[in-house]
Amino acid sequence: MNNTERAQLVEDLRLVLAATAQLSEDEHQWVKLAIRKEAQTIAFRNSIIEKTVSSLLWSLLAAAGIGLLELIRSYVMTRT
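With our numbering as the guide, the letters of the sequence shown map in order to residues 1 to 80.
Everything labelled a hint here was simulated from the structure, so no lab data went into it. Source: prediction; values computed, not measured. Be aware that one or more of the hints could be misleading.
[Unchecked claim] SDA-like, lysine to any residue: derived pairs with alpha carbons at most 20 Å apart: (1) Lys51 to Leu68; (2) Lys32 to Ala43; (3) Lys32 to Ile42; (4) Lys37 to Ser54; (5) Lys51 to Ala62; (6) Lys37 to Val53; (7) Lys51 to Ile35; (8) Lys37 to Ile48; (9) Lys32 to Phe44; (10) Lys37 to Ile49.
With the hints as constraints, model all of the structure from the sequences given.
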């Protein structure tokens, strides 16, 4: 693409963008709110995933502890 073609492309894009309808203030506000809501939804989803994984790890740790206690109890019972 040479400089003339590039300049023509830029001018064509500028004309197309200028001809498109701009958002009203209410529409602009709605778009901002929609973006914020989507960001909050993603943050909430990530928080739920984080809490779920954390709970699973704590449950695994508790189960391992209980299993270890039962193993020690059974060992002590067989020794006496």
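Now for the hints, and whether the structure bears them out:
1. The suggested pairing of Lys51 with Leu68 is violated, with an alpha-carbon distance near 26 Å, which exceeds 20 Å.
2. At most 20 Å may separate the alpha-carbon atoms for a hinted pair to count; Lys32 and Ala43 meet this at roughly 17 Å.
3. Note on Lys32 and Ile42: the hinted pairing holds, with a Cα-Cα distance of about 15 Å set against a maximum of 20 Å.
4. Pair hint Lys37 plus Ser54 does not hold up; C-alpha atoms about 25 Å apart against a cutoff of 20 Å.
5. Proximity of Lys51 to Ala62 is assessed by CA-CA distance (about 16 Å); at most 20 Å being required, the pair is judged to hold.
6. For the suggested pair Lys37 and Val53, the alpha carbons sit about 24 Å apart, so the restraint of at most 20 Å is broken.
7. Of the supplied pair hints, the one linking Lys51 and Ile35 is violated, its CA atoms being roughly 24 Å apart against a limit of 20 Å.
8. At most 20 Å may separate the alpha-carbon atoms for a hinted pair to count; Lys37 and Ile48 meet this at roughly 16 Å.
9. Proximity of Lys32 to Phe44 is assessed by CA-CA distance (about 18 Å); at most 20 Å being required, the pair is judged to hold.
10. For the hint linking Lys37 to Ile49, the alpha-carbon distance of about 18 Å falls within 20 Å, and the restraint holds.
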